[in-house]
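Novice: Residue numbers are given in my numbering: position 242 of the sequence shown equals residue 504, and the series is strictly consecutive.
Accuracy of the hints is not assured; some may be wrong.
No more than 20 angstroms apart at the CA atoms, straight line, and that leaves these computed lysine to aspartate or glutamate pairs for EDC-like [as the list claims (entries may be wrong)]:
(1) Lys662 / Glu513
(2) Lys398 / Asp368
(3) Lys398 / Glu428
(4) Lys880 / Asp628
(5) Lys814 / Glu873
(6) Lys466 / Glu389
(7) Lys709 / Asp628
(8) Lys267 / Glu360
(9) Lys883 / Glu608
(10) Lys739 / Glu873
(11) Lys550 / Glu360
(12) Lys399 / Asp442
(13) Lys267 / Asp442
(14) Lys457 / Asp488
(15) Lys751 / Asp724
(16) Lys751 / Glu625
(17) Lys880 / Glu730
(18) Lys515 / Glu402
Derived Cβ-Cβ restraints for the label pairs, each shown as a range [claimed, not checked]:
(19) Asp724 / Pro479: 37 to 45 angstroms
(20) Gly618 / Asp336: 50 to 58 angstroms
(21) Pro663 / Pro529: 21 to 29 angstroms
(22) Ala328 / Asn304: 17 to 25 angstroms
(23) Arg420 / Ile283: 36 to 44 angstroms
(24) Pro689 / Thr762: 14 to 22 angstroms
What the hints contain is simulated information worked out from the structure, not anything from laboratory work.
Everything numeric in this text was worked out from a predicted model, so none of it was measured.
Just so it is clear, CB atoms sit at the ideal spot from N, CA and C, and this is done for glycine as well.
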Amino acid sequence: MPRLKLALLLFVKEPFSPLGISPNEEMIRFALLFKQFLEATNSRVSLFLPGRLIEVLLKYSPQEAAWMRERVRDGHLEMMGGGFYDAMLPLFPTQLQEIQLQKYRDLVSKNFSVEPSGYFNSSMAWEIGMTETLAKKGYEYTLVGEESLQEALGRSTRVSGWYTTEDCGSVMRLLSVATDLSDAISQGGATACAKFDSLPETEKHWVAAVSVPISNPELLSHFFTDLTEIILKQEIQSWTISHIFEQQFSEGKINLMSAVGSNVGLPTASHSCRELLIRRPEADFLHKSLLAAYRHAEATLQGSVLEDIQNILLPVMAPEYYSDLPGNEGVQSPGVRWKGNREVIEAEKKIVRQTGLTGQSIEVADYLMEGHRQILVNNSQMAFLLEQQRGGALRSLIYKPSSLNLVNALRQDGDISFAFLDHLLDPSLNDVGSFESALNDHAGQLKSPYDYQINRLEAQVDVLLRSEQVATIAENKHVFHVDKVFSVKWGKPFLDLSYTLVNTTFSEVNGYFGTELDLGMRMFDKKTSAIKINGAKISIDFTTSTLYSNVKSFVLKDGLLSYAICIDLPREAHVMVSPVLSTLRSAAPNLVQGIRLFFFWNMELKPQGTEAFNLRMKLSKRGIFL
Numbered sequence: 263m264p265r266l267k268l269a270l271l272l273f274v275k276e277p278f279s280p281l282g283i284s285p286n287e288e289m290i291r292f293a294l295l296f297k298q299f300l301e302a303t304n305s306r307v308s309l310f311l312p313g314r315l316i317e318v319l320l321k322y323s324p325q326e327a328a329w330m331r332e333r334v335r336d337g338h339l340e341m342m343g344g345g346f347y348d349a350m351l352p353l354f355p356t357q358l359q360e361i362q363l364q365k366y367r368d369l370v371s372k373n374f375s376v377e378p379s380g381y382f383n384s385s386m387a388w389e390i391g392m393t394e395t396l397a398k399k400g401y402e403y404t405l406v407g408e409e410s411l412q413e414a415l416g417r418s419t420r421v422s423g424w425y426t427t428e429d430c431g432s433v434m435r436l437l438s439v440a441t442d443l444s445d446a447i448s449q450g451g452a453t454a455c456a457k458f459d460s461l462p463e464t465e466k467h468w469v470a471a472v473s474v475p476i477s478n479p480e481l482l483s484h485f486f487t488d489l490t491e492i493i494l495k496q497e498i499q500s501w502t503i504s505h506i507f508e509q510q511f512s513e514g515k516i517n518l519m520s521a522v523g524s525n526v527g528l529p530t531a532s533h534s535c536r537e538l539l540i541r542r543p544e545a546d547f548l549h550k551s552l553l554a555a556y557r558h559a560e561a562t563l564q565g566s567v568l569e570d571i572q573n574i575l576l577p578v579m580a581p582e583y584y585s586d587l588p589g590n591e592g593v594q595s596p597g598v599r600w601k602g603n604r605e606v607i608e609a610e611k612k613i614v615r616q617t618g619l620t621g622q623s624i625e626v627a628d629y630l631m632e633g634h635r636q637i638l639v640n641n642s643q644m645a646f647l648l649e650q651q652r653g654g655a656l657r658s659l660i661y662k663p664s665s666l667n668l669v670n671a672l673r674q675d676g677d678i679s680f681a682f683l684d685h686l687l688d689p690s691l692n693d694v695g696s697f698e699s700a701l702n703d704h705a706g707q708l709k710s711p712y713d714y715q716i717n718r719l720e721a722q723v724d725v726l727l728r729s730e731q732v733a734t735i736a737e738n739k740h741v742f743h744v745d746k747v748f749s750v751k752w753g754k755p756f757l758d759l760s761y762t763l764v765n766t767t768f769s770e771v772n773g774y775f776g777t778e779l780d781l782g783m784r785m786f787d788k789k790t791s792a793i794k795i796n797g798a799k800i801s802i803d804f805t806t807s808t809l810y811s812n813v814k815s816f817v818l819k820d821g822l823l824s825y826a827i828c829i830d831l832p833r834e835a836h837v838m839v840s841p842v843l844s845t846l847r848s849a850a851p852n853l854v855q856g857i858r859l860f861f862f863w864n865m866e867l868k869p870q871g872t873e874a875f876n877l878r879m880k881l882s883k884r885g886i887f888l
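Model the full assembly from the supplied sequences, consistent with the hints where possible.
Specialist: See the structure below:
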C-alpha cells in the first residue's frame, strides 16, 4: 500500500540564447530521457513545455512526441497550459495575456489532441485579476506556492489541497505546491529521500513542481536517474495534477490577491511580481517600451501584418527579461538586456516600414507611466526619451541601424541609468577617486525639473530646456539659471547639446560642470572594441576608473554590436572613463554592466556671470575590423 500520493509537475525553461539558437540537441536528449523515466517508473506526471520547445520537440523528436501523445490519451501524462513564452502574465495587459494563452492552447490542442485545464508559469506568479482571463480561455485551476496560501490564510502550519477564488464572476481553483518538497526533488539523492521520509502519511496528495535542467547533459541525466530511484524506492502513488480535483474536495474559499512567485529575484517580503519593475529600472523601461510598441501596432496595423509584430514582441514577455537575477536568468545579464531592447526596437522599425511613415516625430506623453510626461524624439536613424522632469537627462538613446539602446547600464546602486545627466562639483576634487565618489553620492546632480519648448525647423528639431538649478559648492548653496538645448537633425544620427549657465547670485562660483553618460555595453574586448581619445587608441582596464584631460574628441567603437559613438568637444574637457559593475549581491560581482563617461570642464562664474559649454555626438555603424 503506497504511503504517499504525489502529483508531480515537471517543467522546462527555454534556455536563453542572445543569438536565438534553438535548443535542438537539448530537447532531443530531454525527450529520450523523459520517455525512459516514464517507462521505468510507470508514473503519472504533468508536464509544461514553453511553446517553442514543443515546436522543437515535434520537429526533432517526432517519435517521442507521438509516444507522449499516447500517454496523454491513456491518462499517464497531463499537458499543462500557460503562456506560449512562459510569460509572467500579471505584468501585462489582458490583450497580451490572451494572445499568449490562445497561441499556446492552439499548439497543445492541435498536437496532443487535448484542451489543457491547468495553467502554469515557471515563475509561479499570480494575481487575482487573471481569474477572468484564465476562465475565459477554459482554464479551471492554477498552481501557487504554499507560502502564499499560508500568508493569505494567516497560518504558519502546512497548507495542502486546493481552494477557490472568485473575481468578476469567474472562479479559479488554486492548488498548493509544496515548495520545500519541490526543492528537495530538484536536489535529488539523499536530500529528496530524507524529505519524503519526513512527510506525514496522509490521504491527500502532495504537489511538487520541479524544473528540469536541460541545458547541461550531465545534470539532465543525473536528474532523471535520481528521480527514477526516488519514485521506485519510496512508497509513492503518482498522479497527474488534474486528478487531485477528482479525489479531494475544496479546502474552502480564499482571497489570494497576489503571489509573488519564485525564482525571480525578489526578497521574501515582496507581495507582487510587479515589484520587479520598481526594483529594476532596466526591466521597467523594457516593459514600457514593449507596451508602447504594442499600442503603436494596434493603432496602425491589422491582419497578418499586426500578427507579425506581435510575434516579435511576445518573446520579450518571457520571465528572464524582468527577473532580478544574474547570468542568463534575468535582467542583471547585459546580454538579456541587449536582446530584449533589440527585439522591441526591431518591432518599432517594422511598424514604421509597414505604415509608410518617415520615422520622424516628436511626442510628449507619459511614456513611462509615472504620472508625468516625457519627450520622445524620433528620426529614421535614432531616437531618445528625454525626461525633462528629472534634470533634462536622456532615459534612452537608440541607434536604429544597429537596433541598440545605448543607455542600458545596470548601476551598482540600483538607480536609473541616464545619458547627459548634469553635475556641478566642488573645486576641491583633484583625483579620479574623488570625482567618482562625488558622482556616486549624487552630491552635485542638477536634477530639478525643466520647462521645455520644442522648435521644429526645416532641417532639425530643437528641444529647449530652461530651469533654475540649485547646487552646493564649497559648502555654500548657489542658484543657477540653466539653458540646455538638444538639437537633432532630421534623418541623421547627429545630436548637438549646448549649455548656458548663469550665476544668479552675487558671489563668485568656481568648480566643475559636467555631464554623465551611463552606457550599457558588453565586456570590453580589444579585438572588436576600441576607445580613442584625440584620435589615439587608449588601453582600458575595466577594473578601475581613469581620468583624461585636454580632450577634444572621444570615440567608442564596438565592432561586434556594430556601432560607434563619436563625441566632439569644441572646448577642451576632462573625461573620466569608469566601469559600471554588477550589484554586490550578484553572483558575478566583477561583471561589467556598462561604461560611465563623465565629460566635465573647469568653471569660473563671476556674480551674474555666464558660461557656455557644448558637445556634438554622432552615431555610426562599424564592422568587426575597427
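Novice: Confirm or reject each hint.
Specialist: A quick look at each hint next to the structure:
{"no.": "1", "hint": "Lys662 / Glu513", "in the structure": "55 angstroms, violated"}
{"no.": "2", "hint": "Lys398 / Asp368", "in the structure": "14 angstroms, holds"}
{"no.": "3", "hint": "Lys398 / Glu428", "in the structure": "13 angstroms, holds"}
{"no.": "4", "hint": "Lys880 / Asp628", "in the structure": "28 angstroms, violated"}
{"no.": "5", "hint": "Lys814 / Glu873", "in the structure": "18 angstroms, holds"}
{"no.": "6", "hint": "Lys466 / Glu389", "in the structure": "26 angstroms, violated"}
{"no.": "7", "hint": "Lys709 / Asp628", "in the structure": "19 angstroms, holds"}
{"no.": "8", "hint": "Lys267 / Glu360", "in the structure": "34 angstroms, violated"}
{"no.": "9", "hint": "Lys883 / Glu608", "in the structure": "16 angstroms, holds"}
{"no.": "10", "hint": "Lys739 / Glu873", "in the structure": "18 angstroms, holds"}
{"no.": "11", "hint": "Lys550 / Glu360", "in the structure": "19 angstroms, holds"}
{"no.": "12", "hint": "Lys399 / Asp442", "in the structure": "31 angstroms, violated"}
{"no.": "13", "hint": "Lys267 / Asp442", "in the structure": "16 angstroms, holds"}
{"no.": "14", "hint": "Lys457 / Asp488", "in the structure": "14 angstroms, holds"}
{"no.": "15", "hint": "Lys751 / Asp724", "in the structure": "9 angstroms, holds"}
{"no.": "16", "hint": "Lys751 / Glu625", "in the structure": "16 angstroms, holds"}
{"no.": "17", "hint": "Lys880 / Glu730", "in the structure": "29 angstroms, violated"}
{"no.": "18", "hint": "Lys515 / Glu402", "in the structure": "15 angstroms, holds"}
{"no.": "19", "hint": "Asp724 / Pro479: 37 to 45 angstroms", "in the structure": "58 angstroms, violated"}
{"no.": "20", "hint": "Gly618 / Asp336: 50 to 58 angstroms", "in the structure": "54 angstroms, holds"}
{"no.": "21", "hint": "Pro663 / Pro529: 21 to 29 angstroms", "in the structure": "40 angstroms, violated"}
{"no.": "22", "hint": "Ala328 / Asn304: 17 to 25 angstroms", "in the structure": "19 angstroms, holds"}
{"no.": "23", "hint": "Arg420 / Ile283: 36 to 44 angstroms", "in the structure": "42 angstroms, holds"}
{"no.": "24", "hint": "Pro689 / Thr762: 14 to 22 angstroms", "in the structure": "21 angstroms, holds"}
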